[in-house]
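Undergrad: Protein chains in written order, with our numbering: chain A, 60 to 510; chain B, 60 to 510; chain C, 60 to 510; chain D, 60 to 510.
Keep in mind that the hints were calculated from the coordinates and are not lab data.
Careful, some of the hints might be misleading.
Any copy, or any two copies together, can satisfy a pair, since identical chains are not distinguished.
Here are the simulated lysine to aspartate or glutamate pairs, DMTMM-like style, with alpha carbons at most 20 angstroms apart [to be verified]:
#1 K295 <-> E273
#2 K66 <-> E253
#3 K80 <-> E68
#4 K64 <-> E253
#5 K101 <-> E273
#6 K507 <-> E422
#7 K507 <-> D153
#8 K80 <-> E317
#9 K64 <-> D251
#10 K277 <-> D265
There are 4 protein chains.
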Amino acid sequence: MFIQKIKSEGLSHLSYLVGNKGKAFVIDPRRDCEIYMEEAAKAGCRITHVFETHRNEDLISGAPILAKLTGARVLHGPNAMGDVTYADTTRDGDTYEFGNLTLQVLETPGHTDDSLSFAVFDTDHGDGAVGVFTGDALFIGDVGRTDFYPDRAEEVAGLLYDSLQKILALGDQAILYPAHGAGSVCGDNMADREFSSLGYERQYNDRLRIDSRERFIKEKIAEHHYQPPYFRLMEKLNLTGADPAPRVTTPVPLSPNEFHDLPDTTAIIDVRTVSAFLGAHLPGSLAIPAPMIPAFAGWYIEPGQPVVLVAADPGQAREAAQHLIRIGLDNLRGFLTTDMPEWSARGLPFHSLPAMHVDDIRERFRNPPENWQLLDVRSITEYEEEAIDGSVHVYVGELPEQLDRLDGNRHYTVMCASGARATIAASVLERAGFSRVDVFLGSFGAWKSRD
Amino acid sequence: MFIQKIKSEGLSHLSYLVGNKGKAFVIDPRRDCEIYMEEAAKAGCRITHVFETHRNEDLISGAPILAKLTGARVLHGPNAMGDVTYADTTRDGDTYEFGNLTLQVLETPGHTDDSLSFAVFDTDHGDGAVGVFTGDALFIGDVGRTDFYPDRAEEVAGLLYDSLQKILALGDQAILYPAHGAGSVCGDNMADREFSSLGYERQYNDRLRIDSRERFIKEKIAEHHYQPPYFRLMEKLNLTGADPAPRVTTPVPLSPNEFHDLPDTTAIIDVRTVSAFLGAHLPGSLAIPAPMIPAFAGWYIEPGQPVVLVAADPGQAREAAQHLIRIGLDNLRGFLTTDMPEWSARGLPFHSLPAMHVDDIRERFRNPPENWQLLDVRSITEYEEEAIDGSVHVYVGELPEQLDRLDGNRHYTVMCASGARATIAASVLERAGFSRVDVFLGSFGAWKSRD
Amino acid sequence: MFIQKIKSEGLSHLSYLVGNKGKAFVIDPRRDCEIYMEEAAKAGCRITHVFETHRNEDLISGAPILAKLTGARVLHGPNAMGDVTYADTTRDGDTYEFGNLTLQVLETPGHTDDSLSFAVFDTDHGDGAVGVFTGDALFIGDVGRTDFYPDRAEEVAGLLYDSLQKILALGDQAILYPAHGAGSVCGDNMADREFSSLGYERQYNDRLRIDSRERFIKEKIAEHHYQPPYFRLMEKLNLTGADPAPRVTTPVPLSPNEFHDLPDTTAIIDVRTVSAFLGAHLPGSLAIPAPMIPAFAGWYIEPGQPVVLVAADPGQAREAAQHLIRIGLDNLRGFLTTDMPEWSARGLPFHSLPAMHVDDIRERFRNPPENWQLLDVRSITEYEEEAIDGSVHVYVGELPEQLDRLDGNRHYTVMCASGARATIAASVLERAGFSRVDVFLGSFGAWKSRD
Amino acid sequence: MFIQKIKSEGLSHLSYLVGNKGKAFVIDPRRDCEIYMEEAAKAGCRITHVFETHRNEDLISGAPILAKLTGARVLHGPNAMGDVTYADTTRDGDTYEFGNLTLQVLETPGHTDDSLSFAVFDTDHGDGAVGVFTGDALFIGDVGRTDFYPDRAEEVAGLLYDSLQKILALGDQAILYPAHGAGSVCGDNMADREFSSLGYERQYNDRLRIDSRERFIKEKIAEHHYQPPYFRLMEKLNLTGADPAPRVTTPVPLSPNEFHDLPDTTAIIDVRTVSAFLGAHLPGSLAIPAPMIPAFAGWYIEPGQPVVLVAADPGQAREAAQHLIRIGLDNLRGFLTTDMPEWSARGLPFHSLPAMHVDDIRERFRNPPENWQLLDVRSITEYEEEAIDGSVHVYVGELPEQLDRLDGNRHYTVMCASGARATIAASVLERAGFSRVDVFLGSFGAWKSRD
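With the sequences and hints as input, model every part of the structure.
TA: This is how it looks when you write it as structure tokens:
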């Protein structure tokens, strides 16, 4: 009896292959799902079931794809806001046996109406749960978001409270297997720790220590979460099932000439590091370093929009493509194989963005340049907690739709917590025609270091 | 400018990825063709063309599949006995440019009517060919088979002679890149050397040293080659294009119970080693050690027939499946995950086959057991060259259709050159109900060692 | 904060890389310890400490080797029956900080006098342990052996009882990380489940549910465990530190001629599957299928003895070599690259061992062959639990030293639970000159299936 | 019979594993030589001999290391300027047999006095060479350098001419296997083609087409080559044998704090891309992008000098470390795991270097900034062929020792062919305290595009 965690970096999405005596099931598979079959075969197990904790809004479900490849049955909870056409509905108390492993379904709504948890039992040893898969209901150090039904905010926060009590009732001994880890857009306060138990969370998870249902609801509805526009695409695709991932992940290499011939609607995403983008980049390209794609690409790329990448090497292009494929932004036309010295040696145009040091910024506050503005693109929660006097705020993800709040003739220095999101934002401004943009590298972290 | 050889073991099929300055083409891709895209991307090259030296009869072409994945154009020779629907026709003298690399087409019929060779030139350096892809016209140490048009035997042997002169005219300096290496069913006398040049072959290839067209024809029509029945499936699939290979190669693990529930038409192929099969195997299973699948599975498995494997581990199951997929016998239902001790510990039935030593066989000739017969299953060419007095001959591949030449009541000791093909043959006899079968391990090799 | 389990198959040895905020430590590293450095580097962590739960008797410690490669400090418990020269002594209550992760030492003697457990805390979240590394004190479903100090049997069983209470006092929420899993020679009753918590074990581990110290002691001293002779080598090497593993694991390929030139003291280990050995093997070779090497090679190979392998392929040779290296039997001279058909085709000698079916054995009991004896080589515990009437018992590992209990002129059929250990034993008998040996394939499992 | 080319990128060093019938030899192994053993084992071959074409001056020989690991014998030519203590001397006409493969030694001095070539024959097929390993005597499209004996310039150029005639006499059919490919510092004019034959080179290699020994000598002595200082270290180490490469290549991750505690003599090498260095880098760090390390690190790092790396990820750190190890600059203390946003968010200092576009440079020529100078750091050969009027020249490698030719108060724009070497040079200047430095990105390539 084994549980193998399959982690999708960036999304911090956790899926699980669980095997016992030649049979296996998968919890929340991702779109590129060959890995579950390969790992199961290595372990001598046949995948017979796929369980979904809920209809994911942040990534494409691999459940229908894996089911087609393996003949496995997909089980999904009720109330999924539409029929999940590829799945059978399973309900509280249903059990599934895999030799001496029994899986039991718990309906745990709140994050979504269709949220399930799955407790696992080793019937050879005892009648208490040895582990529980909690989806987006309970995380390590945090609990699920409850902002998806704005009209029913109090109701769903209360539902989550009740669901958490139901989960905790499984007992302190149960090991916790959530659907996301720290870094996910599905929770801000997850612990940067990859293992926990119900007993540990019951005692030390701040949200679980709230002993009043009312106070829990109050705190939950006071939270602010962002919803990138691609969430709507995910919800739609995960109802009927998306296409399998492409067979080859690394996109096609393109020459500078082929880059010139791209359709006008093509988005150029520069997936290199922040420093590399600052140093030199293609005019009009969007900076989204590869590991940041899951969290940010969905704000800027339309479903179906053609995309090309600027990458440091094929491995980085592949990593970026994998991220894009997992969130369904997979109209990928290729990547530029030419590095910036070679590109520019052909006489082709490039831009740079100045990286400002904290001491430069302090000097600017002492002697402000003409028409200068410090622009903070962190989340509103971060900004409201503490910010630099004189800065204005627009969230990095909402920048494209809020450009009219800014003035193209001003000189903007963009900041965030470290300079990474600021670079994304600066690229958005540059692409929109803002000509005086620079980046506060180190940003709020550096600012605080000077206190 | 690079040439990367992609070798498919077992088939000894050689395909090539050729890249230069961001562009690449592939010669004779195999069915599982993701590898060409991945290697091309690593080298920063986009695959724009696929060239086929001829319509392969021994494996599924990956050309239409790769074309669909990459948008590349497929080029095929004329006279392919039907339209190759996924390809454009190219003809003698056509040239294709990839920067300073030029590929030039030579029509080189003989092995098949549609056979092409492709010379490559480095136009930065000189006007002589630097390499040539010869398909099945010219191998290292041998030349192509000319037995596919029995009615036109002399004609096509003569065509091949002429084609070889055309190839040699490219000059001694050209490096030779054939479509097969030693071990392929496409030639018996290939050198066990993986590199050569036209100059080397011109001087030392026995077939090329025949200075008379007439004598060449005479020798070619005197050859005997076998044509496994699956060749006909390949010819058909390679006209219109086969489906892509499955996304996951390792077949599904099956338990002993699941093995019991297989449809009656299912073939059980035991892909373990010869020794393992002799030691213990499932009754009714066919012995084809994984590396021997490309050469022998096509004699025993019908197109579309369900197949399950007995393998020592998932890696061996994967290797066997890959071989089967490449020759289109891909109705794979899974592999047995249970080894023979575990299988038999459930009380399930197994068989063994006695392995006879050369000294046992010599003793049998001195004191023959009752109703005993030594059965040689080597090729007729090998048998006619030299054989043990008193042995009878049936070719291993033709055994199923020639069972009526044997007597189920006799005691057969099966032999070949070493015991490997003999074990395949013994499994065929056992499956057919022959009850007194053993294997001469060491076979003709051991016999000769006692001279 | 992450815990990465590194499992050594066969030994079922579990070691752990634990990382947090750029620092890492390792628990119980194995000899081939590059993997810890590579995984730590991938995670951006520098290994600064190595902790040993006890002086391992069943494998070579990688602690001194890893310390030398990384500059890390090694910590070991007191009372190690001699100075562990490469380590500093750490004691109950000592703590080590890795950012917000604190490791706390618990002295938990019983299995050995130097046994430690290590509790880990996430000081950002709470003051209860989130996990505990228990070495060979507490396993999933079992507790440690207490047979290493025969003179002090009751005392050390009592010490283990007390240590287990100390561990359980950490709380139900702590996740359990033991040093071995099911299949290890360090415990017979471990659960075939790879995850557990203190809470789960407290409730469902049979040994922990014994509520009386006295009864616990009584049960422990009633257990029977085997101690392979190589344990003594391990204990010695792990005091001063063994040499690093060879840089290349795959042994050197040898031709049949080179096999002939081996020194007489060389052990030939056939690491192929049971079936392959039964089918055909080199005379005088010892059957130890690769995955069984950790449990059985130490019974038959002397420290320093030259060893060659017969393997199905280089991958299997490498797997076997890796096992041998981990237990210090690393005077490896190479592996035979020739398979049995090729070997025998040179006229070289080979043997087979008949595989007997359960129905054959039942028939033999009805009509016993002359001078026939069924020999059961399972553990004495298994044999005493239930055995076939008429069988005699010698433990497979003790066979070489108890050969005088057997009669070389008798006809032995060897059995165990499935036929695997029986094949090892049969090879030992054959090597010792017994000429009438066969193997009951299926063995006690098959026998019971006929009840 | 196979020849497997093992390419060391960056150095463009080519070594070869040659196997036949269970035996193998290696030509010119590199320091990290486990790969030869692993590949040989996969092919079922034992390495029995190592041949060196000459005492390499640009990389550490793996011959003594591989010999120690395998027991193979090392063969080296005479006249190596000192005893090669780990090798036996072999001479013109010596032959070595590996089954039907014969290797024959040719003394081919010129590049060095000890230079050998090795012809290989397939004695089953013919008496002409089928391939030849030419070391640094003959490359694809070029011939070896003859600048290592300045006092004997004419003599050694003449020796090389004679050696080349001896090689060509092997016949047009022989395939060419040189010790370096395009990109190596051992030849400027190699073809960017990875395959050739003696016949092709005889006809199309410009150097081989010179029909007069005198003219050949004249052209050779007119060439200019650079000799990085580390060549002297290589020559010394390759006489007695260097230590094996470290067991783990990826260097240790270091935190920013650990970076602060480095000894003053430590060199910080930033191995990220050119763009990343321009965007933001650690003050005092030297820019050498990972792939450029083999060609340039030897100019700036002293033997034994402590080195730390700034890398984008562990993979890039590993690549850079591998390059450094191969040239013996292996006092590697670790790599910084923190990216520039995170680094600067701690308030730590960073620098940027402005990237100038060709249009900026043209504008500067029209309106020169105060005290401005364009500095060209290409090779003197490139500079003398064509250069921008008004530029001054110092070779990038010689910059540290020629800093006194520059003026720290001037404003330097550094250029090369594309901007890559210019960035290295700019980092050297910045480190030396020059405060007004920028980089002409695109450099001479961009300049010419505006013609």
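Undergrad: Since the copies are identical, ignore which copy is meant and state whether K507 and D153 lie within 20 angstroms (CA to CA) inside a copy, between copies, both or neither.
TA: For K507 and D153, the Cα distance exceeds 20 angstroms both inside one copy (53 angstroms) and across copies (35 angstroms).
Undergrad: How do K64 and D251 come out at 20 angstroms by Cα distance, when the copy is not named: within, between, both, or neither?
TA: Both: 16 angstroms inside a copy, 18 angstroms across copies.
Undergrad: When no copy is named, should K507 and E422 be tagged within, between, both, or neither for a Cα gap of at most 20 angstroms?
TA: Only inside one copy: K507 and E422 sit 15 angstroms apart there, 41 angstroms across copies, limit 20 angstroms.
Undergrad: Give the relationship of K80 and E68 under a CA distance limit of 20 angstroms: within one copy only, between copies only, both, or neither.
TA: between (30 angstroms within a copy, 17 angstroms between copies)
Undergrad: Within a copy, between copies, both or neither: which one fits K80 and E317 at a CA-CA cutoff of 20 angstroms?
TA: The answer is between: 13 angstroms across copies meets 20 angstroms, while 53 angstroms in one copy does not.
Undergrad: Checking an output row: K277 and D265, CA cutoff 20 angstroms. Within, between, both or neither?
TA: within (14 angstroms within a copy, 45 angstroms between copies)
Undergrad: Could you figure out if K295 and E273 sit no more than 20 angstroms apart (CA to CA) within one copy, between two copies, both or neither?
TA: Neither: 33 angstroms inside a chain and 64 angstroms across chains, both beyond 20 angstroms.
Undergrad: Check K101 against E273 for me: Cα-Cα at most 20 angstroms, and say if that holds within a copy, between copies, both or neither.
TA: neither (49 angstroms within a copy, 44 angstroms between copies)
Undergrad: How would you label the pair K66, E253 (within, between, both, or neither) given a Cα cut-off of 20 angstroms?
TA: both (11 angstroms within a copy, 18 angstroms between copies)
Undergrad: One pair to classify: K64 and E253, alpha carbons no more than 20 angstroms apart. Within, between, both, or neither?
TA: Both: 10 angstroms inside a chain and 13 angstroms across chains, each within 20 angstroms.
In this structure, the hints that do not hold are numbers 1, 5 and 7, in rising order.
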